[in-house]
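Turn these sequences into a full structure, and let the hints steer you where they fit.
As given, the protein sequences belong to chains A and B, one line each in that order.
In short: position in the first sequence from 1, add 1, done, that's the numbering used here.
In short: position in the second sequence from 1, add 1, done, that's the numbering used here.
Possibly wrong hints are sitting among the right ones.
Distance windows between CB atoms, simulated [to be verified]:
(1) Asn100/A with Gly22/B: 56 to 62 Å
(2) Gly108/A with Ala408/B: 39 to 45 Å
(3) Gly22/B with Gly435/A: 38 to 44 Å
(4) Leu129/B with Trp400/A: 28 to 34 Å
(5) Thr561/B with Trp400/A: 24 to 30 Å
(6) Asp103/B with Phe184/A: 56 to 62 Å
(7) Lys303/A with Ile461/B: 31 to 37 Å
The calculated lysine to any residue pairs, modelled on SDA-like cross-linking and capped at a C-alpha distance of 25 Å, are [what the hints assert, rightly or not]:
(8) Lys13/A with Ala302/A
(9) Lys10/B with Asp491/A
(10) Lys440/A with Ser442/B
Chain A stretches covered by chain B per the calculated footprint, using a threshold of three residues with CB under 8 Å from any CB of chain B [unchecked claim]:
(11) 134 to 143
(12) 400 to 412
(13) 434 to 447
(14) 475 to 481
(15) 484 to 496
(16) 518 to 525
It should be emphasised that the hints constitute simulated quantities derived from the structure, not laboratory data.
We put the beta carbon where it would ideally sit given N, CA and C, even for glycine.
There are 2 protein chains.
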Amino acid sequence: MHLPAPVSKIAKRYLPILDWGSRYNRDTLTSDLVAAVIVTIMLIPQSLAYALLAGLPPEMGLYASILPLVAYAIFGTSRALAVGPVAVVSLMTAAAVGNIADQGSIGYIAAAITLAFMSGLFLLLLGLFRLGFLANFLSHPVIAGFITASGLIIATSQLKHILGIKAEGNSLISLLLSLGQNFDQTNVITLLIGASALAFLFWVRKGLKPLLLATGMRPGLAAVLSRVGPVAAVALSTLATWGWALQERGVAIVGQVPQGLPPLTLPSLDPDLWGQLAMSAVLTSIIGFVESVSVAQTLAAKKRQRIVPDQELIGLGASNIAAAFSGGYPVTGGFARSVVNFDAGAETPAAGAFTAVGILLAALLLTPLLFFLPKAVLAATIIVAVLSLVDLSILSRTWSYSRIDFAAVAATMLLTLGMGVEIGVSVGVGLSIGLFLYKTSRPHVAEVGLVPGTQHFRNIHRHKVLTQPSLLSIRIDESLYFANAAYLQDLILNRVACEQPIRDVVLMCSAVNEIDMSALEALEEINRRLGEENIRLHLSEVKGPVMDRLQRSHFLQELTGEVFLAQYDAYRKLAGQQVTAA
Amino acid sequence: MHLPAPVSKIAKRYLPILDWGSRYNRDTLTSDLVAAVIVTIMLIPQSLAYALLAGLPPEMGLYASILPLVAYAIFGTSRALAVGPVAVVSLMTAAAVGNIADQGSIGYIAAAITLAFMSGLFLLLLGLFRLGFLANFLSHPVIAGFITASGLIIATSQLKHILGIKAEGNSLISLLLSLGQNFDQTNVITLLIGASALAFLFWVRKGLKPLLLATGMRPGLAAVLSRVGPVAAVALSTLATWGWALQERGVAIVGQVPQGLPPLTLPSLDPDLWGQLAMSAVLTSIIGFVESVSVAQTLAAKKRQRIVPDQELIGLGASNIAAAFSGGYPVTGGFARSVVNFDAGAETPAAGAFTAVGILLAALLLTPLLFFLPKAVLAATIIVAVLSLVDLSILSRTWSYSRIDFAAVAATMLLTLGMGVEIGVSVGVGLSIGLFLYKTSRPHVAEVGLVPGTQHFRNIHRHKVLTQPSLLSIRIDESLYFANAAYLQDLILNRVACEQPIRDVVLMCSAVNEIDMSALEALEEINRRLGEENIRLHLSEVKGPVMDRLQRSHFLQELTGEVFLAQYDAYRKLAGQQVTAA
Chain A
2 MHLPAPVSKI AKRYLPILDW GSRYNRDTLT SDLVAAVIVT IMLIPQSLAY ALLAGLPPEM
62 GLYASILPLV AYAIFGTSRA LAVGPVAVVS LMTAAAVGNI ADQGSIGYIA AAITLAFMSG
122 LFLLLLGLFR LGFLANFLSH PVIAGFITAS GLIIATSQLK HILGIKAEGN SLISLLLSLG
182 QNFDQTNVIT LLIGASALAF LFWVRKGLKP LLLATGMRPG LAAVLSRVGP VAAVALSTLA
242 TWGWALQERG VAIVGQVPQG LPPLTLPSLD PDLWGQLAMS AVLTSIIGFV ESVSVAQTLA
302 AKKRQRIVPD QELIGLGASN IAAAFSGGYP VTGGFARSVV NFDAGAETPA AGAFTAVGIL
362 LAALLLTPLL FFLPKAVLAA TIIVAVLSLV DLSILSRTWS YSRIDFAAVA ATMLLTLGMG
422 VEIGVSVGVG LSIGLFLYKT SRPHVAEVGL VPGTQHFRNI HRHKVLTQPS LLSIRIDESL
482 YFANAAYLQD LILNRVACEQ PIRDVVLMCS AVNEIDMSAL EALEEINRRL GEENIRLHLS
542 EVKGPVMDRL QRSHFLQELT GEVFLAQYDA YRKLAGQQVT AA
Chain B
2 MHLPAPVSKI AKRYLPILDW GSRYNRDTLT SDLVAAVIVT IMLIPQSLAY ALLAGLPPEM
62 GLYASILPLV AYAIFGTSRA LAVGPVAVVS LMTAAAVGNI ADQGSIGYIA AAITLAFMSG
122 LFLLLLGLFR LGFLANFLSH PVIAGFITAS GLIIATSQLK HILGIKAEGN SLISLLLSLG
182 QNFDQTNVIT LLIGASALAF LFWVRKGLKP LLLATGMRPG LAAVLSRVGP VAAVALSTLA
242 TWGWALQERG VAIVGQVPQG LPPLTLPSLD PDLWGQLAMS AVLTSIIGFV ESVSVAQTLA
302 AKKRQRIVPD QELIGLGASN IAAAFSGGYP VTGGFARSVV NFDAGAETPA AGAFTAVGIL
362 LAALLLTPLL FFLPKAVLAA TIIVAVLSLV DLSILSRTWS YSRIDFAAVA ATMLLTLGMG
422 VEIGVSVGVG LSIGLFLYKT SRPHVAEVGL VPGTQHFRNI HRHKVLTQPS LLSIRIDESL
482 YFANAAYLQD LILNRVACEQ PIRDVVLMCS AVNEIDMSAL EALEEINRRL GEENIRLHLS
542 EVKGPVMDRL QRSHFLQELT GEVFLAQYDA YRKLAGQQVT AA
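Here's what the structure looks like:
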């Protein structure tokens, strides 16, 4: 295909498949096929389980693992990312859709499909307008806290399936209360199945790999084999349930899963529904994107590949739109399955497309075999998967490093656990930004002196430095802008009011990256007020971009003192002068 | 009165009257009384006019100028601030209350009273929790743009009274359209009165003072006299209307104004109403507070006095609560009347209390005289007053200084003019903060070299400096935090990937005021990735507080290079080493 150069350039940018597809060969095909088989085996129980977590029929999990993977293979930039239903996004879907309709109703399913469409559209727009940087406003600790709290909620929400009882709630507390109320109705056989599955899956995760390694197996293969443990649990428990007819003794089973191609579904365009889902769509998309990009970046770094975040938005947007039209629900790149895909040797996004074919075959052929699968086993696979997301060490790490980060993490976790995912993550983001703004509104300011034998200036309270009583050198450790302009003005005027002999004030601007209009007005006021006291105001080490801007104002003409290139020049001239005069 | 020391200290903090009251004497009394008489004369027509602007009965303007002034005299810290109804807050009241009830209805009045109570409560809480710094998040240019746009809207809204027609709308466009529709119903006599009043008031403002000065009058007295011009306009036009019975020829007059003490009113506690007014109460309070504090600060600075912003919140909060219980509506410190108060020699807040007595006497005795006062004259006093608020130069000043400030101002002005005050100011604040965050998320980064003959390092693109090919020195001009952590990582890794001979990277941290947990993780990743390429990472000029925190993490142990006190030390060691090795 020969396209005119600009068209071809645009096409290559928005269709990464044109790039890697042109270099596709037999070797990459083999690698991708092997990876696809392994990921398919892993993804079948996961898809069913996460659909269950989202409160949706199990087949929707399978459908969400077919076309979305193909869409990502065309538009995505990561070579190893495996897209599909994931735990946190499934939980967020349940929270969002649960506000609108009851689980099991047609409205619930329609809302989940619409949520996928809205998320997809939102991600696509962010990508086309290159707004991927917005995701940077989620601080790492806030994300870590949110994921940990979500993992705890998810694990708790699955306990009802392990116990064979009913329980409801979006927060940890409401879930625990609900579990406590119905605890006496526990079905012992369900509990036995669930507990064995849990024990088996934990053993597979922790104990199987060392065992396989001890037999001399390649580490990569051992890692992959230990990831497909859930399939064994699924197969064994299904056989046992079928053999002993355990469903007649109160064990909840998956039951009829429709056999066939994914249906063509259409998202609702009802403006009321859109209004109700808008905020959820934004949150789900952003959390999904952040998770996915961080996985993709980690894996790309290992092979010195690059991913393009704005194109990733387009890839994930296309995936979610594909999900909406093929009976799925919101999807994103998953951590565990992407690692398996990578370890199993996936070379290109084609592995994802082959996985889609595998899941399609499962939907066509295997669903009757899932009839007797106990829900408790699916719940066990979820619990084992999400507990690996739980990392409470983020609390101690942030506590020792920065109380402000700690406050943001703790608030995010507590609110997520206590009030649900949407409030938790919204407050977390708001708090991160609010605390950052608060810090910048009360900047650190140091009085500095000359480190003897150098031309370097440091804080007089931390270092042994030379100073001169008539010269006050102040280093401001923050950009000057509207939120701290008034603070700066008070601080300098109060400082000067304390001491009499001061004749010169030098503001050392090495850390001032910006002086906005409000701060400029504050500086003008400081200059004027100091002038009334016959104190001259000087600046030193003003950076290029800041100086450019000051030169466009009247400030430099009004300034009673000078602008020095280096603080040392200011010290030499001003302190020296005084010494001579004295 | 002898109080135990801690009680007395707390009482003095929250009751500034105890401080200045104890030093009150005959001289200050005389000064305050003179100022109070002049401010009273000025305030009578203003109170009536601003009540009209707020869509409220004129007597509510008088009531809002009695008890609130006494409350401020007890709790406020400014010696010269004159509190009462002001133009912008009246406009915001009309916008807020107009959403809830029709002008002239009981519901409208009740909502205005409730808005005053909610504003008062909000201000009081901000003050008690010492959150006055929140007002700093309004950038000066955004406030200037908002005030200018509000002034234009207010002036336009008063044209209907000058023309004697009906017109409605919260935005400039809707007002102009409405005026255009009814323009043919203009009442010529009303227009004559309005236009003469406008011409007279403009002349009083611009021409009277020079004239008085030419007669040898003291400048202070001339300034004060030229401020009470509106009273003459009020008296003359009232006499003319009464003499020629102009009200029978279609001139709208103020009519019956109840004579007597302010009534006891109670704010509504209806949660629905509170929900509808909450956002408006917050906006009105903050705008009112910011205006008031800036006036108070300007006047205090002239006499080397200090105001305490958190106590100002308490003072204004008490004023608004007093307004709510005495038939008033939201009040704040006004610019023009405070300047008059100051120029007329007010020494303490007692001048405000005396003004309150003056207005009380007016409410008791003078209201029958206001019956024939034409509304067109009140409208003219408003127009002349608010046009002094309009300052379009903020657009050109911000344009030449900073495009980001310009964008915030222009958006605030356009939205205020086009969509009303509440949307305008909300978007202005959001935009200021959003643009600041955006800037900090893509920080300026400079490659630096040694300025010959010094120990000072500057941008290689702006200065003639010495560099060494194996040593890359990068100065990051921003605090490192979650919003720019990913950007920094990409930037450094891409920069290093371009050039081969680099063996050492020094991050010069003189402008890094903070490294949060997300940025720490990014630095760890940079260190690891550079390590894989056998490039060492060093830091220089790390500030005290930042270093303290890094020492609590593992980063310094993992760092492949060193931390240098000064960039010069790094250069001497690393560049020198290479030179020897070469």
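Outcome of the hint check:
1. Asn100/A with Gly22/B: 56 to 62 Å: Holds: the Cβ-Cβ distance is about 57 Å, inside 56 to 62 Å.
2. Gly108/A with Ala408/B: 39 to 45 Å: holds, 43 Å
3. Gly22/B with Gly435/A: 38 to 44 Å: Because 39 Å falls inside the window, the suggested range holds.
4. Leu129/B with Trp400/A: 28 to 34 Å: holds, 30 Å
5. Thr561/B with Trp400/A: 24 to 30 Å: Holds: the Cβ-Cβ distance is about 27 Å, inside 24 to 30 Å.
6. Asp103/B with Phe184/A: 56 to 62 Å: holds, 58 Å
7. Lys303/A with Ile461/B: 31 to 37 Å: holds, 34 Å
8. Lys13/A with Ala302/A: Within the cut-off at roughly 22 Å; holds.
9. Lys10/B with Asp491/A: holds, 23 Å
10. Lys440/A with Ser442/B: holds, 16 Å
11. 134 to 143: holds (count 8)
12. 400 to 412: holds (count 5)
13. 434 to 447: It holds: at least three residues are needed, and the stretch 434 to 447 of chain A offers 10 whose Cβ sits within less than 8 Å of chain B.
14. 475 to 481: Coverage by chain B holds here, the residue count being 3 at a Cβ distance below 8 Å.
15. 484 to 496: As far as the stretch 484 to 496 of chain A goes, the hint holds, because 5 residues have Cβ atoms under 8 Å from chain B.
16. 518 to 525: holds (count 4)
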